[in-house]
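S.K.: Here is how the chains run, residue by residue.
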Amino acid sequence: MIELLTFLCLLLGAALMLTAAIGVVRLPDVLCRSHAVAKALTLGIFLMLMGLWLQLEDPRQGLKIVLAIFFQVLTIPVSSHLIGLISRREMSPLPSAPPSTENKPRTIRP
Amino acid sequence: MKAFGLNLLIATIWLLLSQAPSPAVFALGFLVGFIFLAAFRSVVGAENYIRRWAGLARFLWFFTREFIIANLNVAWTVLFRPLAALRPGFVAYDVTGLTRTEILILSYCLTLTPGTTTVEISPDFRTLIFHALDAQDPEQLRAQLDQKLKPALLAFTR
Numbered sequence: 129m130i131e132l133l134t135f136l137c138l139l140l141g142a143a144l145m146l147t148a149a150i151g152v153v154r155l156p157d158v159l160c161r162s163h164a165v166a167k168a169l170t171l172g173i174f175l176m177l178m179g180l181w182l183q184l185e186d187p188r189q190g191l192k193i194v195l196a197i198f199f200q201v202l203t204i205p206v207s208s209h210l211i212g213l214i215s216r217r218e219m220s221p222l223p224s225a226p227p228s229t230e231n232k233p234r235t236i237r238p
Numbered sequence: 044m045k046a047f048g049l050n051l052l053i054a055t056i057w058l059l060l061s062q063a064p065s066p067a068v069f070a071l072g073f074l075v076g077f078i079f080l081a082a083f084r085s086v087v088g089a090e091n092y093i094r095r096w097a098g099l100a101r102f103l104w105f106f107t108r109e110f111i112i113a114n115l116n117v118a119w120t121v122l123f124r125p126l127a128a129l130r131p132g133f134v135a136y137d138v139t140g141l142t143r144t145e146i147l148i149l150s151y152c153l154t155l156t157p158g159t160t161t162v163e164i165s166p167d168f169r170t171l172i173f174h175a176l177d178a179q180d181p182e183q184l185r186a187q188l189d190q191k192l193k194p195a196l197l198a199f200t201r
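Chains as they are written, first to last, in our numbering: chain A, 129 to 238; chain B, 44 to 201.
Chain A extracted, bound-state conformation (with noise of 0.2 Å):
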């Protein structure tokens, strides 16, 4: 039963990554590759880390595990956003122009 809940998680959660990177390749710019890697990875870093929980001998042990994932699911949309701020001020030259709802941004040169 454990073995077949880790295989789940691990198989989900290296599916999810293989997306999140298809989603660098293919999507067009940076924003929208942002997308796909702040939730893929998300996602996909805590199957991987729940499917290694399942295989420890003493699930004590796991307390370092809920560590590890709390980190990475604070550090990873925040790393999505400064990817996003750098690529908007890149774009427009003034940081302090009104906010625009137009919705085309130009894209940026990968």
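By construction, these hints were calculated from the structure, which means they are not laboratory data. Glycine residues also receive a C-beta, built at the ideal position from the N, C-alpha and C atoms. Incorrect hints may appear among the rest.
Here chain A is said to cover these stretches of chain B; the calculated rule only asks that three of the stretch's residues, wherever they fall, bring their Cβ under 8 Å from a Cβ of chain A [as the list claims (entries may be wrong)]: (1) 103-114; (2) 125-135; (3) 145-154; (4) 161-172.
Let chain A serve as the given structure and place chain B on it in line with the hints.
M.R.: Just chain B now, kept in the frame of chain A:
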């Protein structure tokens, strides 16, 4: 705050009374204390405390669902969706009146919920700019935030 202290006190007493103290016993004591406080909430004045915990539970449930939907959404977009159908763009969202902590949690949730990532928070903490994969209808995106995420967030922070 007083109710939280009382809950911790009950958990500590439970821990001291147990045969073999461990974190799990403390958690159980906390749960027992919570049930006690919920049962006698009008007597000990813990209505607000109970309401915020319930709000947090509902928020976590809502957020988990949105997070999983977001992942399916990303997988679908990446693998199957024609890129010409994407309409990426920036949307500004008014966050006047929210505290900094609330804006922080909101920006996290925006990044992890379907179709949106936080890009910028203005220095005066009044507007939050996010990037959406489908920004054809900014009004609808804002209305969705106003109706779903914001009330769920405010239910436990206030």
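S.K.: Next, verify each hint and record whether it holds.
M.R.: So, going through the hints one by one against the coordinates:
Under the rule that three or more residues need a Cβ within less than 8 Å of chain A, the assignment of the stretch 103-114 of chain B holds, with 4 such residues. Under a criterion of three residues with beta carbons nearer than 8 Å to beta carbons of chain A, the stated coverage of the stretch 125-135 of chain B is upheld, 8 such residues being counted. For a cut-off of 8 Å, the count of residues in the stretch 145-154 of chain B with a CB near a CB of chain A stands at 3, and the three-residue condition holds. Remark: the stretch 161-172 of chain B is confirmed as covered by chain A, as 6 of its residues place a Cβ nearer than 8 Å to a Cβ of that chain, reaching the required three.
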